[in-house]
Structure formats: structure tokens, C-alpha cells
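Trainee: Chain residues, written in single-letter form:
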Amino acid sequence: MIRIVDHVLDPGAELTRFCANRSVTGAVTSFVGLARGEEGMPALELQAYAGFTEGAINGFVEDASRRFDLQDVHIVHRVGAIRTGEAIVLVFTAAAHRRAAMEACDYLMDHLKSRAPLWKKGADGAWIEPTARDHNDLARWNRDGEA
Amino acid sequence: MFGRLGDLAGWRERDVAADTLSGLKEILTGLDAALGSALKGVGVQAAVDRAIVRGDTVLAPDAEVAFMPPMSGG
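Protein chains in written order, with my numbering: chain A, 1 to 147; chain B, 1001 to 1074.
Okay, chain B solo, but in the shape it has when bound (with noise of 0.2 Å):
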């Protein structure tokens, strides 16, 4: 989680065990219904393995999913 996503979850990383991308958002959803929201909210972006992914996608055991908000710049 990057900048304000961060502060609302309370942490920046965690394990999650999850197929896809969209089941992993469910899962986050169910733990934190606000963080949830957040993720779907305008301008968020998904990166797996440090690649943008638009839409949804399947998840290697140890991919890693990246959430974030609108980047500020340098």
C-alpha cells in the first residue's frame, strides 16, 4: 500500500493468500470494508510484480500486489 492507502490500512505490507487479483481486493474488502472502497476508488492503480494491471488478473503463489493512489511527483 503507497501513500494515503497506506495510512488507511494501518500497514504498508502483508501476506495474503489469493488466486486473483479481484478475490484479493474481496478478501481486503471483508477485512476492512473503508480500505476496500478505497482500493476502487478513482485514479487507484494495481501493479503485480511491478507491472500496471488493468482490469483483472491471476495471481502467482508469491506475486506481489502493489496498490496505489493517485502518485503525487516528485
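Chain A extracted, bound-state conformation (with noise of 0.2 Å):
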């Protein structure tokens, strides 16, 4: 499930609810990516475009499905104004087995920190854009190949 959400989260109780009630999966990895910067002030602002960011998200989430032996994925995103140390988004991923699960979680959060339809403004005004290294996060999976 993907959701984009305006309000802080909790990532213990999101993750509690993921993993309630299973009983074929045996492996759940948990991403967590927080906002640095300054205590208790205001780090990022994200714009997402309703819509049309979920349905862009969805298709990293077929692309991880068709690549890993995957069962579930969720997908929470925060938007508006986040302040240092809170949450930003949150990719938890299950499967039978933990090496599925833990690439899965790698893959989705390469694709999402480079090619997701979102625009976040730093504390200093500047909108910001991938960086090389995103870049180069996504490309080892391209290297790694399709096989």
C-alpha cells in the first residue's frame, strides 16, 4: 500500500501493523529515512502531485514485485513541512525469505530517492535535486543486470 501523508509518523506503530498477522511471511525489512538538520527546526518541504506521485511510486513497487520474490510492500511518504528528526518516508517490505525482502527495501528506496515525483525545498529556500550519488545508487542496479 502507498500513501502520501501530511501529518508526523510513527514508525514503530506503522511497522506493528505491518508485521501483525502473518504467518508465510519470515522475513520483513524496515527503511526508515529521517530529516537532518538543526534541532527542532524545520528541515524539508515536499510538494507531491496527488495522484499522479502514488501512481509513479506503484510502478517502482511492479518493478520490485516482477525482480524479488516479494509478498507486500508499504510505502509511507510525508509532505509539507517536516522539522528535523522526524520522518520523511518509510518502504517496509516482506517476504518468505530475508534476502528478497532486504534488496526489495534497497531497490525501492533507490528508485524513490532519485525518480520520484516529488520536489523538496531545503531549510535555505533551495529546492533541491538528485544528487550524483542517487544517480549512482539507482545505476548498480542496472549494472547488476536482469538475470
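No lab work stands behind these hints, which were simulated from the structure alone.
Worth double-checking, as some hints may not be accurate.
What the hints assert, rightly or not - Restraint ranges, calculated between C-beta atoms of paired labels, are given here: (1) A:Arg67 / B:Ala1017: 42 to 52 Å; (2) A:Gly59 / B:Glu1013: 48 to 58 Å; (3) B:Arg1054 / A:Ala81: 27 to 37 Å; (4) B:Leu1008 / A:Ala20: 44 to 54 Å; (5) B:Leu1008 / A:Thr84: 22 to 32 Å; (6) A:Ala50 / B:Pro1061: 19 to 29 Å.
Unchecked claim - These stretches of chain B come out as covered by chain A in the derived footprint (C-beta under 8 Å, 3 or more residues): (7) 1002-1010; (8) 1057-1071.
Note that the Cβ used here is the ideal one computed from N, Cα and C, for glycine as well.
Got two chains here, each in a separate frame; can you build the complex from them with the hints?
Mentor: If you want it as C-alpha cells, here you go:
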């Protein structure tokens, strides 16, 4: 399930819900992205395009599902004003075995970081674009090949 | 308008009467030349009714057009 929300996230509660009532799942991987910056200060402002952004993220989930033996994916992304220390993004993946869950989580984050239709403004008021490091992180999935 | 385009325009949404995407860009350029040149900038994409459009297209009377600068990612 993919959600774009404009309120503070509770990663622990979301993860507890995601792990509940599973009998065939052997592994859940969780990633929580936090806003870095000065303590107690606004760190970021994020914009999404309702409907369009979720559609693009769903495309990453479909790609990940073809590539890895996944059972379930849960992605929650914050928008609006985010303060230092708050969670920006949660990515949870469930699989029978750990390797698929861990690799799919990594794959999804690399795609979210550089390809998701989100616009992010830093505390200095400047709009941020993906870094060379984000592009390199994404490119390694192509270097690894599809086999 | 998303990201820096919204800051530049000073608005995020407005109603504009236009028959085509290129016609819409011309109208917006007439209202604000700086915005018009930003809309033609490198990496700026347009979506009509939430689908990316490359080149020109006819706009339905109630079409929703989004102008998107390069995406920041999550």
C-alpha cells in the first residue's frame, strides 16, 4: 500500500501493523528516512502531485515485485513542512526469506530517492535535485543486470 | 505548478482558457515572461490529466495541466 500523508509519522506503530497476522512471511525489512538538520527546526518542505506521485511509486513497486520474490510492500511518504528528526519516508517489504525483503527495500529506496515525482525545498529555501550519489545508487541496479 | 515553478509564478493553481498545450504556454508567457521561459527550460515536463505529454496536445475544456521541474525525489 502506498500513502502520501501530511502529518507526523509513527514508524514503530506502522511497522507493528505491517508485521501483524503473518503466517507465511519469514522476513520483513524496514527503512525509515529521517530529516537531518538543526534540532527542532524545519528541515524540508516537500510537494507531491496527488494521484500522479502515487502512480509513479506504484510503478517502482511493480518493478520490484517482478524482480524480487515479494509478498507485500508498504510505503508512506510525508509531504508538507518536515522538522529535523521527523520521518520523511517509510518503506517496508515482506517476503518468505530475508534476501528478497532486504534487496527489494534497497531497490525501492534507490528509486524513490532519484525518480519519485516529489519536489523538495531545503531549510535554505533552495529546491533540491537528485545528487550524483543518488544517480549512482540507482545505476547499480542496471549494472547488476536483470538476470 | 510544482517546485521552483510555483515559487517563480507566485501561484500553484489557476484556471486558464486554452485549446492546446502550446497555446497555454503562450498565454502564460504573455502573463509572465520569466515564467514562460522557465516552462521551456531543460528538464521541465508537462502532464495533462496526470499523464506526461511530450510535444503538443489538444486540451479538453476541463483538462488539468501540471508543469513539473526536475523532480527532487524522496
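Trainee: Is the hinted range of 48 to 58 Å satisfied by the C-beta distance from A:Gly59 to B:Glu1013?
Mentor: violated, 25 Å
Trainee: Given the hint of 42 to 52 Å, is the C-beta distance from A:Arg67 to B:Ala1017 inside that range or not?
Mentor: Holds: the Cβ-Cβ distance is about 45 Å, inside 42 to 52 Å.
Trainee: When I compare C-beta atoms, does the segment 1002-1010 of chain B have three or more residues closer than 8 Å to chain A?
Mentor: Satisfied; 5 residues make the cut.
Trainee: If I claimed the Cβ atoms of B:Leu1008 and A:Ala20 lie 44 to 54 Å apart, would that claim hold in this structure?
Mentor: Since the Cβ atoms of B:Leu1008 and A:Ala20 sit about 46 Å apart, the hinted range of 44 to 54 Å holds.
Trainee: Does the hinted range 19 to 29 Å hold for A:Ala50 and B:Pro1061 at CB?
Mentor: For A:Ala50 and B:Pro1061 the Cβ distance comes to about 21 Å; the hint holds.
Trainee: Could you tell me whether the CB distance from B:Arg1054 to A:Ala81 stays inside 27 to 37 Å?
Mentor: holds, 33 Å
Trainee: Examine the segment 1057-1071 of chain B for residues whose CB is less than 8 Å from any CB of chain A, and state whether their number is three or more.
Mentor: holds (count 5)
Trainee: For the pair B:Leu1008 and A:Thr84, does the Cβ-Cβ distance stay inside 22 to 32 Å?
Mentor: holds, 27 Å
In summary, the one numbered hint that this structure violates is 2.
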